[in-house]
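Going down the list, the sequences are from chains A and B.
Going letter by letter, the first sequence gives residues 1 to 528 in my numbering.
Going letter by letter, the second sequence gives residues 1 to 290 in my numbering.
Just to be clear, a hint being listed does not mean it is correct.
Derived lysine-lysine pairs resembling DSSO-like cross-links, with alpha carbons at most 27 Å apart [as the list claims (entries may be wrong)]:
id, chain 1, residue 1, chain 2, residue 2
1, B, K68, A, K208
2, A, K311, B, K57
3, A, K208, A, K197
4, A, K65, A, K379
5, A, K208, B, K257
6, B, K68, A, K51
7, A, K77, B, K57
8, A, K30, A, K218
Chain A is faced by these chain B residues, among others (derived, beta-carbon under 7 Å) [unchecked claim]:
id, residue
9, G43
10, E61
11, D62
12, Y124
13, I125
14, L211
15, Y212
16, Y213
17, S215
18, S232
19, V268
20, F272
FRET-style restraints, in silico, Cβ to Cβ [claimed, not checked]:
id, chain 1, residue 1, chain 2, residue 2, range
21, B, A67, A, G202, 41 to 51 Å
22, B, I25, A, G310, 50 to 60 Å
23, B, Q129, A, D255, 48 to 58 Å
24, A, S451, B, G202, 56 to 66 Å
25, A, V448, B, I47, 50 to 60 Å
26, B, G202, A, L469, 53 to 63 Å
27, A, V448, B, L230, 30 to 40 Å
Honestly, the hints are just simulated from the structure, not real lab data.
Here a beta-carbon is modelled for each residue, glycine too, at the ideal position from N, C-alpha and C.
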Amino acid sequence: MLKKSLSLLLAVCMVAFVFAGCGKKVDTSKEVTLKWILFNAEQQDADVVEKEFNKQLEKFIPNTKLDIVFDTGIGSKWSMLMAAKEEYDIAWTGYTLGMSGALNDGTYMPLNDLVKDYGPAIEKEMKEYADSYSTGMDDGELYAIPNQQPILHQTSYFRIPAEFIEYFPKADFLKECHSNYKTTEKTYQLLEDYFSKVKASGKVASGKITIDPLNFFKAVVTRGYDFVGTSMGGAWLCYDVRDNSGKIVNFMQTDAYKLYIKYAADWVEKGYIAQDYLVGANGYKEIGTCNVTEMWYGLDEEEGVRYQYGKDGKVEYYQFLTDTTDNMYNGASIFGSEKTYTVIPYTSQNPERAMMLINLLRSEEGADLLNLMIYGFEKNSDAAKEYGTYHYTLTDDCAQGIDYTIQPSSTSIYGIPHWVVGNVFLCYRTPNILEGQSEYAKDFIANVKPSLTKTALYGFRPDMEALSLQTSRVSSALSEYHSTLIAGSLGKNYMASYNAMIDKMNTAGLEDLLEAINKQAKDYMSKK
Amino acid sequence: MQSKKFTAFSHIILMLNCIVVFVPIFIVVMLSVSNEQDILDYGYKVIPMHIDFSAYKLIFEDMTAVAKATGVSLFSSILSPTFVIILCGTIGYALSQPRFAYRKHVMKYILVTMLFSGGLIPTYIINTQYLGLYNNILVHAVLGLVSGTNIILLKTFFSQIPTSLIEAAEIDGASQKRIFVSIILPMSKPIVASIFFSGMLGHWNDYSRSLYYISDKDLFDLQYFLQNALQSASFLKETYANNPSFANDAIPVETLKFALSIISCLPVLLVFPYIQKYYSKGVAVGAVKE
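Generate the whole structure from the sequences, applying the supplied hints.
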């Protein structure tokens, strides 16, 4: 009996030891102040919110204080801060700084072990939002935790001012875009027809009209191609999303690029793109722009069309969606493509405590703290009475910040844009997250996104570091001409510059680079 | 007769010059008070179709913050050049004296600092981690006080002051400090004004100190504050553009650029006429060798 009891006890102990590492508790007897650098301007009541936050935090993580450093210049000085070994424990990171470069420089701390020991909520999110999290990982190691927003997919739209709607061939445009996964010549012809009608209408008295060719290129011209190694804006290594061979090519040598630069040059000649667009295009009336939207939800007044209202309640702009779910896809993976993340810098002296705090703010348990950090005090809260100030009112689950509706500015009393910190799905709904939008986003992530077409190179992330020298040489040859070509600034002589660009790219080692990256792609596909 | 013609011709040329300088400033002022929608619909007009102060309203929305930023810029633009004159002036004075035995060696050392600098990161580390200048108002006044160029300019000017004057003062019992303050500096007004004004202008227009060393909004200088205002207006406009669930707020980004130019230039434009005469003399130092 004694033997049996001892064996049982031993077995229990062994199991306990095996799981001892899970949910490891850090010694919190030592007082620690965590420094969190955020991409936001400091506001009037930041100090009192921080004071209240620290008071509340004591209940969850004893002896831990938070010191928020607000800095809108983080993008410009991240490398310097890290080189100077500034001791930050948590940091915002994202689109304003080169995340791949920061990763290669070793400024982000690897997080797998920390998540395993101190981040059960993060572990749960990693399963729930696997695709998003993969964009913060390198070689299976998590470095950057995506600040979950209701991001569904990236799709583009073409936007025109309402006053010109009578000239826009909306049915034909939508049909042409939605039935072709790439942008066709007919699409350009339809747009040209619209531009000419606007110009002829005389509605713009100065006659100075333009579209935004840079965003147009990014959002419309590149449709049907997935870019590898870097984000869409400056990228040129790509593959056709419906090409099962997954062959990577130079976008500048595709028919899509050549077709567009022909039209761009012509549109400048005809006065549809400002000649001086690259130096400001000041004083031009923008009759069309494009953008990439992360959320196309609940606003379609007609299928594929969103209305944008002015303060007087009248429609001010129309947005035309260029892709439907039929044309969307799950493609190659790019580090940092979810735009904003939370990281623990390598200079942190308290990474365990930092992970505990991030984990707390990403859990249901810490949702109130997250709300406090983002919105400040609610009007009727105890804190509002204690500090004699408040920062938002709550109607149902919708937080309305004082003196701002979309994003707080530096003149607001308090508020941090919700995309800067944490998981938006755990926050109060703000006026710019519509009712039902979060649920729609969650459903899209869980059900729609996995059903989208997976490209031949789905999940592929090339090792660009090994090719960095060649890439920078070719990019440098490209950058000399690319902007002027897509803005059409070179006019009729664009082909001479185009040929010069391709020659220089070849001389810089384009062929070798394509060969090397295609070899990586083949290896990846063969292992899939 | 020929002289009168020449004078008239000169006046015409000078008047044309004035117009060439004045017209762009006038246009910028007019554009800053134009209506944003008029600019987008009709392009830039010298005389606005509708007067609209929206851009200024946006900037002065938080008057206290503007006042603080202006205060920081004034603090920086006045204090820093004053320190520069004191430090570079005393070094330049010592180096201008033939009696100073090691002046050639010291000059070589100063020349080396003009050719090589520590670089941004080491400078940042020293300033923030050793001198405690992060989020410290003094960072606006004490960075880059001693520069080889200023020392050489001052030394060259001081060398032209007759040695007999200094000797006479010494015979009368004046100390070196007294000689420097009562004789050297008053006789060197052009170069002192020139260096002071260049430094003042440089500090007024520079926002790098706030960018690198300041995160406390109360310590931002005016240029950084204005740059943030433009950035945040552009960002808000873009956000509105991408959020059709909201009424599109008319954020006057076009006119804001011009209003910011006016606000940042105005103090310099007001001060320049009063020190211009010294400035023009000072910059000519060293141009003539006799």
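Exercise. Which of the numbered hints are not met once you compare them with the structure shown?
Worked result: Result: hints 1, 7, 8, 16, 19, 20, 22, 26 break, sorted rising.
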